[in-house]
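Chains as they are written, first to last, in this note's numbering: chain E, 1 to 338; chain Y, 1 to 338; chain X, 1 to 338; chain C, 1 to 338.
Bear in mind the hints are in silico, worked out from the structure with no lab data behind them.
Be aware that one or more of the hints could be misleading.
Treat identical chains as interchangeable: a pair holds within one or across any two.
Restricting the straight-line Cα-Cα distance to at most 25 Å, the calculated cross-link-like pairs of lysine to any residue (SDA-like) are [claimed, not checked]:
1. LYS118 with PRO315
2. LYS154 with VAL62
3. LYS148 with GLU335
4. LYS6 with VAL42
5. LYS334 with ILE111
6. LYS152 with GLY92
7. LYS194 with ILE50
8. LYS131 with LEU171
9. LYS154 with ARG260
Treat the numbers as computed from the prediction; the structure is a model and nothing was measured.
Number of protein chains: 4
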Amino acid sequence: MIVVVKKNQNEKQVQNLMNWIRDLGLDVHVSRGENSTIIGLVGDTSKVDIDLVRSLDIVESVTRVQEPYKNANRKFHPEDTIVDVAGHKFGGKHFQIIAGPCSVESEKQIIEVAEAVKKAGATLLRGGAFKPRTSPYSFQGLGLDGLKLLKKAKAETGMPIVTELMSERMLDEYEDVDVIQIGARNMQNFDLLKAVGRVDKPILLKRGISATIEEWLMSAEYVMSEGNQNVILCERGIRTFEPYTRNTLDLSAIPILKERTHLPVIVDPSHASGVARLVRPLSLASVGAGADGLIIEVHNDPPHALCDGAQSLRPEQFDEVVQSVRPLLPVVHKEMDV
Amino acid sequence: MIVVVKKNQNEKQVQNLMNWIRDLGLDVHVSRGENSTIIGLVGDTSKVDIDLVRSLDIVESVTRVQEPYKNANRKFHPEDTIVDVAGHKFGGKHFQIIAGPCSVESEKQIIEVAEAVKKAGATLLRGGAFKPRTSPYSFQGLGLDGLKLLKKAKAETGMPIVTELMSERMLDEYEDVDVIQIGARNMQNFDLLKAVGRVDKPILLKRGISATIEEWLMSAEYVMSEGNQNVILCERGIRTFEPYTRNTLDLSAIPILKERTHLPVIVDPSHASGVARLVRPLSLASVGAGADGLIIEVHNDPPHALCDGAQSLRPEQFDEVVQSVRPLLPVVHKEMDV
Amino acid sequence: MIVVVKKNQNEKQVQNLMNWIRDLGLDVHVSRGENSTIIGLVGDTSKVDIDLVRSLDIVESVTRVQEPYKNANRKFHPEDTIVDVAGHKFGGKHFQIIAGPCSVESEKQIIEVAEAVKKAGATLLRGGAFKPRTSPYSFQGLGLDGLKLLKKAKAETGMPIVTELMSERMLDEYEDVDVIQIGARNMQNFDLLKAVGRVDKPILLKRGISATIEEWLMSAEYVMSEGNQNVILCERGIRTFEPYTRNTLDLSAIPILKERTHLPVIVDPSHASGVARLVRPLSLASVGAGADGLIIEVHNDPPHALCDGAQSLRPEQFDEVVQSVRPLLPVVHKEMDV
Amino acid sequence: MIVVVKKNQNEKQVQNLMNWIRDLGLDVHVSRGENSTIIGLVGDTSKVDIDLVRSLDIVESVTRVQEPYKNANRKFHPEDTIVDVAGHKFGGKHFQIIAGPCSVESEKQIIEVAEAVKKAGATLLRGGAFKPRTSPYSFQGLGLDGLKLLKKAKAETGMPIVTELMSERMLDEYEDVDVIQIGARNMQNFDLLKAVGRVDKPILLKRGISATIEEWLMSAEYVMSEGNQNVILCERGIRTFEPYTRNTLDLSAIPILKERTHLPVIVDPSHASGVARLVRPLSLASVGAGADGLIIEVHNDPPHALCDGAQSLRPEQFDEVVQSVRPLLPVVHKEMDV
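Same shape as in the complex, but just chain E (with noise of 0.2 Å):
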């Protein structure tokens, strides 16, 4: 970490910053220019509050040399992180598509869901049981009737399934999930991250809509700080000025997250965009960024026939969509398992 200091500061205040530097074990280089006075803080300096530095009076600016996240970083670990989920591996050469409707509603549509994205190429099954709405008027889903109908689907197609949790409470019940999904909105809800760093099950975590990629290898750090290394990124959308899109999806962040960390990264071109008509380009774009797979929406419920163009495919259009993908996967040296 680098700390300019202003022209002409008060040298006491300035020895007190170096002082207090050296109380939290870090070396101290200094270097007086004409202008200004340059401090090097050499050492672990993820402990250094940037933000307490940056905001004192004396200080002109920080330069942050060294990443604040360590059990995510590449730098201290170069190999890919091979996440395993029930024998299906995200990371490295693999592409997974995890694919299920936006909320179990019942059985036999979760289970006629789950064999159909199966039989299209899927190796996970996803659905929600808890949902996180904006408005608490809006459907919360079926709780834990959702988690046993989950189950059931796991059971009757061989399906590894990925749910989100939403409150620590729950935990418990989630035992027979195979990935847990932390959402967009409880990205920084440390308590939840914590939590989930002690269980011993891989955790999806999704991008919150303002987060910033260093924030959210942040998030990860959270939980890998507790034990658990099992973390795949999954890239939705943020938010920006752009009303056409629900979220506007970061492909960069892709690349970038491959040079920064060595977890596997998926997109979910589906809540990214909120529009079905959008997910195949979507998902050809994510492969072609580098993604490590992709988590996609479908449904075949007959009372939400109404919706052909949510952002949920019908099972036909899911086939589609990965027939389009296939072909891309060579190029960027990736392979699917079926």
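Following the hints, put chains Y, X and C in place on chain E, whose structure we already have.
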């Protein structure tokens, strides 16, 4: 809610949509034009999932005429809600200043700061015991010990206390806390919102850094729909592209909220800017914009004496801010308790 | 256009509004409900100032049903526009790669780069003669001398040239330029747009860094409404809160534009990210998303040999990008000229 | 400027970088640490292209210590610049209100509005003759006829006039204009900025809707570097994700600008919000934040009588705003001319 159906759509799908709307208990008014069909939904549309309707293939656009919030809506509660905290009132003609340190650090610190801010005109004491931090390696607050120190400061000075709750699990420990703060990162932690909705205490609900005003009101609605009507909103800056400030304080939000909701609205100029020098001008601007109060960080802790310029003010600087705010209050028809 | 009038409004004002609408030559359909009155505007609403109507006191909301652009609108021109540049076609099944240095610096530089990118598969040569720079103290390009060098490179290699026009005053000098580029900063320089709308040359219109897709299409409309229908749109990233990339490439914009307009759309992965390492993955992602081409910065200038990592690729890196793009094209039903 | 070089870099490239820096006339201070090498650039770094350096492969990060603007920099001009417009002063302890219609529409309109706003306390008259409109089909202003009417209003009332210039071509027609406004969309139309930099008239430079404060000051620098030091900055809202207001007024920008630059700063609350009801609270907030003045839209034109709620105030509403602003001015040590 008004739904515009695209030209030349499959009539059966249009009928399906209208039947589905009627099944939700709403009336349907149809007006067929040359280029499009307009469907008006009449009744309580707060239960209609606007995203779902918007995403239908046959739908050109959807406009909500009625806001999706009810308890928080000024249309249904034209009078200002006055939230009473141990005799100190938020809303209407009242103006309150909440002050205190970012984190509770020691008995001496919290009591000294409490006495200083009380003397200057603050009526409530703030202080963090559980601190949400981007990094798992940053100081996370004193936790339960911090709560105890806050209660001592309350006993000593008579000031009601405001502190952040990060996890439902801790709720029992907050019995002597006067106002429970829900932080920006938890604004859409819906389980936590529901939990504090069942508590008989005022809730200080901070705006999420990328929350729209409507999403923020929907989070207030989560609290209120569980029974607790005592919600104080707190604007603390939104995330934009501008790097000079940590967040961009959105003061237009205040007059807009005053039109839309009856709830009191205060401003946190310390967190918005992240810079102590900006606290005074942004406090004055907040008063001008019509805020019902301020929440300001003040410290006096010697180990931090070096951080003169942090977002926290020293007691004498805080006193100056209060002194400069006082003469503005009559202009906006507000008054302080002391 | 649908206007929702608030409950209990002054009837005279509502009549004034309707008369004003009729004066614009539009038909008015009124539907009076219990809570609101809905006014439908039928006819060519592109001349209605939606902001003005939205801001009326009596108006609750306004929804545009018809897009405000006509010439650029796919509804009125369902077939893809094919823009032909000296036999190289943009749009439809065609895929073109434009390449060249950020700035023209010398005869040797521009000719060497031109030859190298031509060999690798680029069909048009780009190069900046007049450079828009944030600082008045930064290099502003070689100006007219730069244009001359570009023309030499064109004569030498037979490649058509693309270069930015910053001022209408310079238009006469662009006679031998094949495609006139309008940069992101000038996307709403309406006088410049009108000027190039009267020119008989293709226009490469870059998206402004904070322009919505609709505003961008309206800028294309400015050009087209003056007569020039040969507009190529170029996505080059939008401004967001994410600091790791200079801008966030909005690849969702491509399939959305493909629905809304018949104009060709290309992507500039060099400027979007500002980092050479990201050009390859973002190029592949652009192809996946359905782009009609790429515009990529390539340099070979010795004084810049130090900037291996700038947003510009070396010729051999550019060759690699083109080689990795080729196998993706059949998947998206596109083909290159060479 | 401080450049941090990555660990284990090719020494030859590091030497190339240092030689290149020295060729720019700067001194180089090198400090080699275990994990990185730090290069300090000493001298006038305003000519160093920070993006280019940042993008080098060998570079970890770059921090600018010295701001890239000189003429606009308060460090080099500690005293407030006072811009004098026919005796009305902007900056220092002065507070000016500019008012007038969005567009000049007729002689009667502009003179009536001018007389009304003058009576209420406005000292300068604004009015649009050339209007930048998103759509080519919207009213583009009366053009030269509008300029003539403005001059008539000036002759009639003695008020200096402020109006927008959209094209350098029109500059000769602005001889009798007192203040030339550069609109938000042209904030980075560098040819236009240079042109008005050679004019002997104050320039009102509006902030671009997605311009950072630094980019805005660099645009002021473009004007000033050509000789014209009389620049008045005007904050008018930035583009964010919040849909309730057209733009988000960034009032934190005012105290930040007051630290960084000596130029006067005014606020346009009419355009920022797009809603007349917000003009009063945002005007008071602007005064609280330390603005040197306001620019407010006022209309009285009968054909627009229907738009009571547009962003323009009626004269009596404008009078109310001025009356409510007056008592705040002494608190912030400002005074109006009349």
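Checked hints:
For a Cα distance limit of 25 Å, the shortest separation of LYS118 from PRO315 inside one copy, 10 Å, qualifies, whereas the shortest one across copies, 44 Å, does not. Taking the closest pair of Cα atoms, LYS154 and VAL62 never come within 25 Å of each other, the shortest separation being 51 Å inside a single copy and 37 Å across copies. Proximity of LYS148 to GLU335 under the C-alpha cut-off of 25 Å is found in neither arrangement, the shortest distances being 32 Å within a copy and 50 Å between copies. Proximity of LYS6 and VAL42 under a CA criterion of 25 Å is satisfied in both settings, with 20 Å inside one chain copy and 15 Å between copies.
Proximity of LYS334 and ILE111 under a CA criterion of 25 Å is satisfied in neither setting, with 29 Å inside one chain copy and 38 Å between copies. For the homomeric pair LYS152 and GLY92, neither the shortest alpha-carbon distance inside one copy (31 Å) nor that between copies (47 Å) is at most 25 Å. In the homo-oligomer, the alpha carbons of LYS194 and ILE50 lie at most 25 Å apart inside one protomer (22 Å), although the nearest pairing across protomers, at 34 Å, exceeds that limit. Taking the shortest alpha-carbon separations for LYS131 and LEU171, both the intra-copy value of 15 Å and the inter-copy value of 23 Å come in at or below 25 Å.
In the homo-oligomer, the alpha carbons of LYS154 and ARG260 never lie at most 25 Å apart, since the shortest distance is 34 Å inside one protomer and 41 Å across protomers.
Against the hints set out earlier in the document, violations occur for numbers 2, 3, 5, 6, 9.
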